[in-house]
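Once you've looked at the hints, dock chain B with the ligands against the given chain A.
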Amino acid sequence: MNEIEKNLLKEVAELDSIPVGAYNIRSNGAPLMRNSTENIDIVPKTDKPGIDIFIKAGTKGESVHIPVIISQSGLKDLVYNDFHIGEDCDITIIAGCGIHSCGDQETAHDGIHTFYLGKRAKLRYVEKHYAEGEGRGKRVMNPTTVVHLEEGAHMEMETTQIAGIDDTIRKTEGTLNENATLIVKEKIMTTGNQFASTDFDVDLNGEGSSTDVVSRSVARDSSRQEFTSRINGNAPCAGHSECDAIIMDDACVLASPQLTANDVDAALIHEAAIGKIAGDQLIKLMTLGLTEEQAEQQIVSGFLR
Amino acid sequence: MLELQHIGFKTEEGKDILKDISLKISDRFVAVTGPNGGGKSTLAKVIAGIYRPTSGRIIFDGQDITDMSITDRAKLGVSYAFQQPVRFKGLRVGDLLKLSMGKSMKMRDACDYLSEVGLCARDYIDRELNDSLSGGELKRIEIATILARGTKLSIFDEPEAGIDLWSFQNLIRVFQKMYEHTKGSILIISHQERILNIADTIIVIKDGRVERCDSRSAVLPELLGSADGNTEFCSTLLDKNQEVTRSE
Ligand SMILES: Nc1ncnc2c1ncn2[C@@H]1O[C@H](COP(=O)(O)OP(=O)(O)OP(=O)(O)O)[C@@H](O)[C@H]1O
Ligand SMILES: [Mg+2]
Numbered sequence: 011m012n013e014i015e016k017n018l019l020k021e022v023a024e025l026d027s028i029p030v031g032a033y034n035i036r037s038n039g040a041p042l043m044r045n046s047t048e049n050i051d052i053v054p055k056t057d058k059p060g061i062d063i064f065i066k067a068g069t070k071g072e073s074v075h076i077p078v079i080i081s082q083s084g085l086k087d088l089v090y091n092d093f094h095i096g097e098d099c100d101i102t103i104i105a106g107c108g109i110h111s112c113g114d115q116e117t118a119h120d121g122i123h124t125f126y127l128g129k130r131a132k133l134r135y136v137e138k139h140y141a142e143g144e145g146r147g148k149r150v151m152n153p154t155t156v157v158h159l160e161e162g163a164h165m166e167m168e169t170t171q172i173a174g175i176d177d178t179i180r181k182t183e184g185t186l187n188e189n190a191t192l193i194v195k196e197k198i199m200t201t202g203n204q205f206a207s208t209d210f211d212v213d214l215n216g217e218g219s220s221t222d223v224v225s226r227s228v229a230r231d232s233s234r235q236e237f238t239s240r241i242n243g244n245a246p247c248a249g250h251s252e253c254d255a256i257i258m259d260d261a262c263v264l265a266s267p268q269l270t271a272n273d274v275d276a277a278l279i280h281e282a283a284i285g286k287i288a289g290d291q292l293i294k295l296m297t298l299g300l301t302e303e304q305a306e307q308q309i310v311s312g313f314l315r
Numbered sequence: 437m438l439e440l441q442h443i444g445f446k447t448e449e450g451k452d453i454l455k456d457i458s459l460k461i462s463d464r465f466v467a468v469t470g471p472n473g474g475g476k477s478t479l480a481k482v483i484a485g486i487y488r489p490t491s492g493r494i495i496f497d498g499q500d501i502t503d504m505s506i507t508d509r510a511k512l513g514v515s516y517a518f519q520q521p522v523r524f525k526g527l528r529v530g531d532l533l534k535l536s537m538g539k540s541m542k543m544r545d546a547c548d549y550l551s552e553v554g555l556c557a558r559d560y561i562d563r564e565l566n567d568s569l570s571g572g573e574l575k576r577i578e579i580a581t582i583l584a585r586g587t588k589l590s591i592f593d594e595p596e597a598g599i600d601l602w603s604f605q606n607l608i609r610v611f612q613k614m615y616e617h618t619k620g621s622i623l624i625i626s627h628q629e630r631i632l633n634i635a636d637t638i639i640v641i642k643d644g645r646v647e648r649c650d651s652r653s654a655v656l657p658e659l660l661g662s663a664d665g666n667t668e669f670c671s672t673l674l675d676k677n678q679e680v681t682r683s684e
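Going down the list, the protein sequences come from chains A and B. To convert, count from 1 in the first sequence and add 10; that's the working numbering. To convert, count from 1 in the second sequence and add 436; that's the working numbering.
FYI, nobody ran anything at the bench for these hints, they're computed from the structure. Possibly wrong hints are sitting among the right ones.
[As the list claims (entries may be wrong)] Facing chain B, from chain A, some residues (calculated, C-beta under 7 Å):
#, residue
1, K286
2, I287
3, D290
4, Q291
5, L298
[To be verified] List time: in silico DSSO-like cross-link candidates among lysine-lysine, alpha-carbon distance up to 27 Å:
#, chain 1, residue 1, chain 2, residue 2
6, B, K511, B, K525
7, B, K460, B, K642
8, A, K181, B, K525
9, A, K195, A, K286
10, B, K642, A, K195
11, B, K460, A, K197
12, B, K534, A, K286
13, A, K132, A, K86
14, A, K148, A, K58
15, B, K511, A, K138
16, A, K20, A, K195
17, A, K286, B, K642
18, A, K197, B, K642
Note that the Cβ used here is the ideal one computed from N, Cα and C, for glycine as well.
With the rest of the complex left out, here is chain A:
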């Protein structure tokens, strides 16, 4: 692995070296390193690019790292990863994709991740998207996350896209059975002429199921963002979605939340707030001796923490 690749790995997976436990590192469209453990089996797919990850029922406290790095400009990578998580598991999966592109051609990664969580399984899923490089070619990422939660399953998804990605269409879909919970915390920042679209579709099918989808974003320069959410309450359930955006310069943010209640006991809420940084926040930090730019910087990085 060269320095560029090592740096990408650090950015997206906070890895300084080979991770402990199960992992699969994909580099420039091909598997690079893989390790299965007693409870976690990683099997390459035979019909298409990608892997199947099988986690034995009852596995607790273990983690899986599946970073993807691309340093070859012009590459278009498509990968299908399926996660089969047994009943009563309690685990962490750290995914992420880093692109370093110096060329003039478009470099892209499309990752389609499907999760099957067994009854009462608990998962924390952390995903980071990052790109860098001076090339004129666009850096594109289109992650799709499909989540199936069995009775009592609980998934928390933290997804972050902070820098360097020119074009992204993010899709997240969830189907929840009885008492299942899906929590999503998304953070996005776009700059320059970047475009980001994020789209959530959650079906609350089981009684007692709940979801909380929170997207915080900052749009700077002439970048554009679109937030779409559809929460369907098909049973007595609780759904909350929130789009909280800071808009700066000539940026544009569009939020289209949609709630459908098909059951009288479906409690659904959406909150959307789009606006510039509050003037009194800037002033407060300036009275502490920060310049306006420094104040802005602090407010934005706090907001996206």
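Then chain B with the ligands, alone, in the frame of chain A:
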């Protein structure tokens, strides 16, 4: 130390909020009081640079700061604790203290400043400065940030607002300690007799003008004595005064 020369402030709609305010503040502990809407907070904001006066000059330590930005005044040594502290999504109590100190903060420093205002650092340092903090908590954190800055001039805008009775005595102690242990000057906007009671000088601002500016011993009896007179402010103050005497 601070001199205001004929300060006037008009809103964009042309309403006169401050009218020809001239003051020379040399004492280290000054209290500003007066009826609601009299212009106290506006005056504090003019000193901190948040509002530009429409006329007059501000001299700080011999330097004309009238045209200086908020940031430059802050760097020069002016601090202002807001009457209504600002909430931030994402920023934490620890971040604000760190920014206030302007250097890398040690847990012990944060602990010192927070415990001064009666908060346990362990419980608060990682709390977000968002709607989840109570009004009183936010107010105390605001005071702690000013203590952490330790500048030449510290302005507190109604620091007692929202602070419960038990803590009130501690709050007074915070100001007394600040007075004894630092070289800085303190300017407190307050409606509380117990705070006015520890000031060297009391300034009364009413209808955008300085109504009174003199030593505590000269001004305080007048304020309390005129209660059976006319102004609503003074009777409120006397009620408070009697309440306090009764409870003590
Ligand atoms: N930006 C503004 N635009 C219009 N009017 C304003 C503005 N700021 C303040 N005022 C008015 O100026 C007057 C003085 O306000 P200020 O907040 O300075 O009063 P105060 O003495 O601090 O009162 P309080 O004791 O209630 O805090 C009030 O009548 C207020 O409504
Ligand atoms: Mg006021």
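Find the hints from earlier in the document that the structure breaks and name them by number, from lowest to highest. Numbers 1, 2, 10, 11, 13, 15, 17 and 18, in rising order.
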